[in-house]
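Q: Given only the sequences and the hints, what does the whole structure look like? Please build it.
16 is the number of the first residue of the sequence shown in the numbering used here; add one for each residue after it.
Careful, some of the hints might be misleading.
[What the hints assert, rightly or not] Just the calculated beta-carbon pair ranges, DEER-fashion:
#: 1; residue 1: H35; residue 2: H74; range: 14 to 22 angstroms
#: 2; residue 1: A84; residue 2: I17; range: 20 to 28 angstroms
#: 3; residue 1: P72; residue 2: H35; range: 18 to 26 angstroms
#: 4; residue 1: D86; residue 2: A34; range: 17 to 25 angstroms
#: 5; residue 1: P37; residue 2: A73; range: 26 to 34 angstroms
#: 6; residue 1: G85; residue 2: K23; range: 37 to 45 angstroms
#: 7; residue 1: A84; residue 2: L22; range: 29 to 37 angstroms
#: 8; residue 1: A54; residue 2: N90; range: 27 to 35 angstroms
#: 9; residue 1: D95; residue 2: N51; range: 19 to 27 angstroms
[Claimed, not checked] Simulated crosslink set (DMTMM-like; lysine to aspartate or glutamate; CA at most 20 angstroms straight-line):
#: 10; residue 1: K20; residue 2: D98
#: 11; residue 1: K20; residue 2: D86
#: 12; residue 1: K20; residue 2: D62
Derived from the structure by calculation, the hints contain no laboratory data. Where a beta carbon is used, it is the ideal one built from N, C-alpha and C, also for glycine.
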Amino acid sequence: MIERKQLKDRTQVTFVLPAHDPEGAVSVVGDFNHWNPAAHPLQPQSDGTRAASVSLPAHTSHSFRYLAAGDYWFNDPTADHHDGTNSHIHT
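A: Structure representation (structure tokens):
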């Protein structure tokens with residue numbers, strides 16, 4: 016699930032996944048963090064999910080994917096668009 020919160024000239028985007036699906040560590044990686052898996056690991060939340068937030072410029076588009084343990088890459092089914100390889104979000 017993707018949550019958005021409009022700020023002045025930015026959008027806070029929060030990427031949310033269930034606590035154990037998939038198992039192990041998961042990071043959100045994309046053009047906004049130079050595809051660096053260490054930049055935005057999803058952290059456990061009090062509601063039983065795990066999440067990572069990123070502040071992005073408003074009115075922009077970004078490519079991203081999730082990277083789970085075992086080099087398992089996957090897309091977000093709730094993304095705004097998919098291009099066959101990546102998920103895309105519009106702020």
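Q: Take the hints in turn and mark each one as holding or not.
A: For each hint, the structure was consulted:
1. H35 to H74: 14 to 22 angstroms: violated, 35 angstroms
2. A84 to I17: 20 to 28 angstroms: With a Cβ separation near 22 angstroms, A84 and I17 satisfy 20 to 28 angstroms, so the hint holds.
3. P72 to H35: 18 to 26 angstroms: With Cβ atoms ~33 angstroms apart, the hint is violated.
4. D86 to A34: 17 to 25 angstroms: Once the Cβ atoms are compared, 21 angstroms apart, the range 17 to 25 angstroms for A34 and D86 holds.
5. P37 to A73: 26 to 34 angstroms: holds, 31 angstroms
6. G85 to K23: 37 to 45 angstroms: holds, 40 angstroms
7. A84 to L22: 29 to 37 angstroms: Taking Cβ atoms as reference, A84 and L22 lie about 32 angstroms apart, which means the hint holds.
8. A54 to N90: 27 to 35 angstroms: With a Cβ separation near 18 angstroms, A54 and N90 fall outside 27 to 35 angstroms, so the hint is violated.
9. D95 to N51: 19 to 27 angstroms: holds, 22 angstroms
10. K20 to D98: With a Cα-Cα distance of about 24 angstroms, the restraint between K20 and D98 is violated, given a limit of 20 angstroms.
11. K20 to D86: violated, 30 angstroms
12. K20 to D62: holds, 19 angstroms
When held up to the earlier numbered hints, the structure conflicts with 1, 3, 8, 10, 11 and fits the remainder.
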